[in-house]
Every structure is written in C-alpha cells, then in structure tokens.
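S.K.: The chain contents come next:
Number of protein chains: 2
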Amino acid sequence: MGVRAGIVVTGTEVLTGRVTDRNGPWLAEQLRLLGVDVGGVLVVGDRPDDLRAALRFLSTEDVVITTGGLGPTADDLTAEIVGDVQGRPVELDAELERHVAGIIERLMRGRGLRADPEATAAGVRKQAMVPAGATVLPPVGTAPGLVVPPPEGGTGPVVVVLPGPPSELQGMWPAALADEQVQRALAGRSELRQETVRLWGTLESELAATLRGYELPGLEVTTCLRDGELEIVTRYGPEAQPEYDRLLGVLREAHGEHLFSTGPTVDDLVAGALADHGLTVATAESCTSGLLVARLTERPGSSAWVLGGVASYANSAKEALVGVPGEVLAEFGAVSTQVAAALAEGARERFGADVGIGITGIAGPGGGTPDKPVGTVHLCVVGPDGRQPRSVVLPGSRSAVRQRSVTLAMHMLRQLLLGGPPA
Amino acid sequence: MGVRAGIVVTGTEVLTGRVTDRNGPWLAEQLRLLGVDVGGVLVVGDRPDDLRAALRFLSTEDVVITTGGLGPTADDLTAEIVGDVQGRPVELDAELERHVAGIIERLMRGRGLRADPEATAAGVRKQAMVPAGATVLPPVGTAPGLVVPPPEGGTGPVVVVLPGPPSELQGMWPAALADEQVQRALAGRSELRQETVRLWGTLESELAATLRGYELPGLEVTTCLRDGELEIVTRYGPEAQPEYDRLLGVLREAHGEHLFSTGPTVDDLVAGALADHGLTVATAESCTSGLLVARLTERPGSSAWVLGGVASYANSAKEALVGVPGEVLAEFGAVSTQVAAALAEGARERFGADVGIGITGIAGPGGGTPDKPVGTVHLCVVGPDGRQPRSVVLPGSRSAVRQRSVTLAMHMLRQLLLGGPPA
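Heads up: the protein sequence lines correspond to chains B and V, in order. Using the UniProt record's numbering, you'd call the opening residue of the first sequence number 1 and step up by one each time. Using the UniProt record's numbering, you'd call the opening residue of the second sequence number 1 and step up by one each time.
Calculated from the structure, these hints are not laboratory results. Ideal placement from N, C-alpha and C gives every residue a C-beta, glycine not left out. Not one of these hints is a red herring.
Listed next, with one range per pair, are the computed distances between beta-carbon atoms: (1) Gln181(B) with Glu253(V): 40 to 48 Å; (2) Thr369(B) with Pro217(V): 53 to 61 Å; (3) Glu327(V) with Thr265(B): 40 to 48 Å; (4) Gly333(V) with Asp276(B): 24 to 32 Å; (5) Ala122(V) with Thr369(B): 38 to 46 Å.
From the derived model, a few chain V residues whose C-beta atoms are all more than 12 Å from chain B: (6) Val3; (7) Val90; (8) Ala94; (9) Arg98; (10) His99; (11) Leu186; (12) Ala187; (13) Pro238; (14) Ser261; (15) Leu329; (16) Glu345.
Chain B on its own, in the form it takes in the complex (with noise of 0.2 Å):
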C-alpha cells in the first residue's frame, strides 16, 4: 500500500490506564478503511522527551496524528511540541483566543458558575497558540485541532492535531480530512476491502489446525477470541477477492457448525430478529444483575424490542419481584437450574413479554463451595415455543464470569430467535 500513517495518543492519564484511549484505535479503523497503513499506535505520556522521541520515530510516514494535550493545564503540551518538531514555533492566533474566551464564558455560564475571565485567560491563551503556518481546524469542545505541514523547504509528515476526548476528536474528523493538505498526503491510498467472520463454541487451536494447510496470498488474517467467541477478521486488496471467496468457502466447510455471522454481531442479529418479528424480550438476572438488561438497550431504539429487566440480587427481590417460588429457592438454592427457569418465566409474565431470559450464578470471588463452585451460571431462555436451558462453569475474574455469562445469554437469545449454532 502506497501511504502510511501514524498515530501518537498523549496524556499520562491513558499512559497509566486511567482512562482507556478510545481513540487511537478509532483512527487507526478510520485510517484502515480509507486504504492507508497504519503501522502502529504510541501512547506517550505528558512529557515533552517523550512526545518528541514519538514523533520522531513517525517521522518517515506520510501522516501523524496526535491526539490530546490540547487543554489549558500546564500539563498539556502537544502544540508546542510539534510545532517545534515540524521547525514551526508557535504563536498567538489573537482571533483564536477571543474565539476560545467566547466558549468558555458560555460554557461555565451554563454550569451556574460565575464566569472570571482573568483567571482563564492564560488557559485560553494557551490553547490560542498556534505553530506558524498550520491551518487551524475549528473547535468542537474547547480545543481547536491543528493541521502543521513540514518544515518549510523540508520534508516529513503534516501532523494532524486533535483533541483528546473522543466526542471532540470524532467531530473534528472530517474537517481534518478535508482539509487540503491532509488530502494531498492521503493522494495514492489503495481501496481495502474487510470481512468478518465470527464462530461459537470452537477453539482457537481448531482454527489454526484449519488454516495452517492454505497458502492465503494477499489477505492479512486477524483472528481475535473474545468471551467465548472467535472473530476473523480478513483485510485485503480488491485484486485478492477471489483468495477471499476460496478461504471462506474453507471456512465453512471446516466450521460450518459453528459459524453464525459472516458480518453481524450477535447484539446485531438479536436486535434485527426481535425487530423483525415484532417480539418483545424481558431479562431477569442476578449475578450480572443489569449488565444484559444494559446491553440489550445500548442500541438505539431498542426500546421497541426491551421492556425491561429486574436485577434480582437478594432472594426476597426474587420472589417479591419476579415471583420465584420460595419453595424452589428453599430447595434448589438461588443457584439452580430451577431457579434459572423461574426467573426467565417471571421476567416473561412480569413485563408481559414474548421472551425471557434469566441468570443466575456465583461470580466470586467469594461464595463458592465444592458442589457450585465460583463461575457456575445457570441460564434459561423461554419464548413462546418453550425453554432452553443452559449451565457452565465459567475461568476467571468475577468480571470475566459476568461479562461471559452475558454473551452466554446473547447466544441463548440468537439461538432461540434465529437457529445457528448452539449456544
């Protein structure tokens, strides 16, 4: 592929985790799918050494976009780095600063906070400065975006500069592809083409006896297992459709079983199907307590398909709530195959649904006991054609058994809903 880009991700708080850097790998997708390579992503802290060591370890792409360290604290530095790097200091851009003021005194009126433009107006200057001859790409937040070309007379490449939050950074985006130098750079990028394809209930080890006999020149394989479900990801040239086709021919040949996506997610899938056939779907859960409930809502207009859930995680929020017999609970334990049908059941007659789902399990770390031990889940599934249960012992954290026991039941529900493999 003829153009490379880079990408450096400032700020100590993504260095150390504090926050999770969304955004490099969104440009790096953005980058991918316009046909340019991306090589790698560097997430520096707020150091100037090191910002610089960055960009000059990118100095021989054809694009770098930096994201962050554009806001008023001392801490955020990236303009003036840059600026120095790409031989261009910086300076005020006076109708920048009276611009940025404008937002800031509207921003902290709005807060109810009385507005004191002298205590700002070094931030507001700062985030003013602007290295000599980069184009200035509006403010979606506070922070303008830069677009700072090589040294004047020099070679390397434009650095593009955005803000941190993702919000601002995403807005941003199309100005800084418009933008003409940006385009110039981008010239003789080549079209990639990326398929999906996504199995459940296989192992990563089968796939790799699968693929290991085939040559597959031309398309780069990424594959990627993830609560339970292996996801391989093809990038190629439009040139290499045909090795494409052949590969996922092998696919299904091999894993037909176990495939049940050549592109959708399976939140795609159920949210189409329950969309399709008008139905409608409830969850009753307890030791995920909200986190399906939650994720089936994450969609846009899910509220057509969800009515609802109970986060059931005291016993008398079982019965009261959901109507889990006592008696059941008395025998089996909250713990159960029983219980689990009881609480897929309430959900469906409490919300009046089409379909209920309910969990329950012992996501530890404590609580565990010889004959349930912790990572045990129990989950049902009950739609107008009757139930289908499920009971795993789910590896690891008490986070990974929640978050597994909820793909778990995404797959109950695509199961139940569409066929495809078993969940």
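Starting from the structure of chain B, add chain V where the hints point.
M.R.: Relative to the frame of chain B, chain V by itself:
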C-alpha cells in the same frame, strides 16, 4: 529515575479497536508504582516489520515488555521476532511442547470437544518454540511467557514476553518480576509515591487557573476529566513530600467546596458508607437501563447492601414493576421529575431498601423534543430522611449520556450518605 521500561502491545485486533487493550495501561501502572519510568506504550499489528521497528525504538530501555502474539495461529509471531531482534533464534523446547499439548487436550475435553492431537500438533509446536537462552515462564492459560536476555556478549534491554489475555498476563506477572534477569535489570529503581485528589462540580479551566501560579518542583501532576469528575494524580519521590503537602493545601483552599476525596473513588465511598451504616439500596432505571445497578454490584460482597434494581424501559413496566402511578405518567410524561421521584420511591418500597434511586431521561439519538431535548435526565435519591431530586441536560452520545447519568447518580448517593460537594 534510574530504570526505564517500554511496552509493546501486539495484535491487529488491538490496533484496530476490536479488542480494547487493557495490558499496556496495567503494565505501565505496575511498573511506575515499582519506581520504573515508563516512556510509552507502542501498539502494533501482527506484522513482523512493525514489531521489529517497535523493539528497535525501545532498544535503549532497560526492560521491554511485550504482550500478545503467543497463540497457535500464524499471525502470532512475537517469540520468533523477539528472538530475532535479540540475536537468539528460536528452537523447539520438547518438554514445553508436551506440557502445552497436555493443556490443550484437557481444555478440549472440558468443552466436550473430541481431542484431535494431530490437528493441533503444529499449533502446539509453535507455542513451544523458545529463543535460545531464554527463560520460560509457565503458562497460566495455554501460552508460556519468556524472558529473553540481550544478545550473547551484547547490550540492550531484557525483553519479557507475556501473553495477550489480561488474566493470563496478570497471572504471569509475579513470575516475570521474580525472574533473576528481570530483577537485575530493575535494580536501582527508586520509590515513587502517588496521590489522587478528586473534585466534583468544577471545570478543568478553573483548576488550571489555580495551578498556574504555583511552582511544583519534583511533582508530576496529571489532571483528567471524566464523566464530570476531575481527577488530579500526582507522582513524586519521597524527597518531594513537603511540596505535595503544599499542593494539597492549595487545592483544599481553592477548591475545598468541590473536593470530595483525597483517595477513594466515588464507588469506594458509596460502598463503604452503605456497608458502614448497614443500609441497603435499590434502583429503578429507565434510560440507563441496568447500568447503575450493574456498577453498584461490580464490587465483590456488594450483595450485602445492593438488593437489586428494575430496568423499567417500557411505561407498562414502570407501572407494574415499580408502581409508578399511571396518572403521573400520563400527566407529566415518563421523562419528568415526578416520574424520577416515583421510580426512586417505588424502588425503595418494592425491594424494601433503605435508599432508592430513580433515573429517567432521553439518551438519544432520537426521542428529543424542543421541551425535552436529547440528554434531558431526571434523577432522584430517596433515603430515610427525605429525597434529593436533580435534573440535567447532558451533552454527548447515547452512551455518554447513559454513563454520565450513572456517575451523577453515584454522586447523589455519596452526597446523601456522606455529605460533601453537592451532586
């Protein structure tokens, strides 16, 4: 600081955001708390040249840690490339091969899959290829880790090769740290202290104005805004303790009314207060649909104070499961202060909890009106001594509105239970 480390996270699925990297930040934090200076995290795809370039970029560090790329598929190539860069070609470790084969066989039997040793043998052999002179760290999952010294007689970093799944990586970390060569490379690190101050209800620009006037020698201050909370993390050597004490005094004086913690998170504070006072809590959520109760139950042992919650997405569920009067819904609409209060009261009553929380709002992107735009959220907490309502219009995406509402609810709980800055 004397000892420096760099981190390389491998995997096209991480680079493109299909999997969120948790390893880079986790390792960076562990190393920094050990007193090791981390310059940056490099995320690269599964391509030999990009991994090689990343390792070369970090060739002046004392220790380099890689994560991922140790699986059985052809895109997993870390051991080979690290061996290559360290001048130590890989060779088969027959004992390790038998060990990994045994793990795979047990794993497949546990999943009820027929074990086919021949099909998986090539993948197993690949996982047992070890750079000459490297130390093997025993597998936590299926993949072994490695400690790979610099070239025989040469200089350069010790490279620690760890698996990608966070639970495997974290499980292997103590063995990696205990390794003799790693210990030698880390000798000479210096103690680093870390303190966190948390503000609620102020703007980053106000904080910037406060800090601008002060010299902070020996302190590395990072500020970070998240869901309306302002987090100020300071790292420093023991000699700078008086400077830190001075900074804390300045923050207390300038932002005392917004300072809600000098350590614990709002989640810690709420859980601690509920446990200490022997109080129970229940939720009724509309737009956040289970996210709040899921967050309250993330903590082990939370069943002692969380009774449960209702995600009452449909109006019928608000009436039937939480007892919101139909006439209140009809008169004021589902998104109203009145319904938020009725949800909080209903949650408290139906679950028999001491404290109830109600949330109703328009998360978007659809459903907004001129009177009730997208982002409108009404919340209410009800305790033994009365109720606290709150109404806001939150900016951002559907996901941002939902997350921010949940954080606001946590602060309303904090304020009800402990006082401090108003939510």
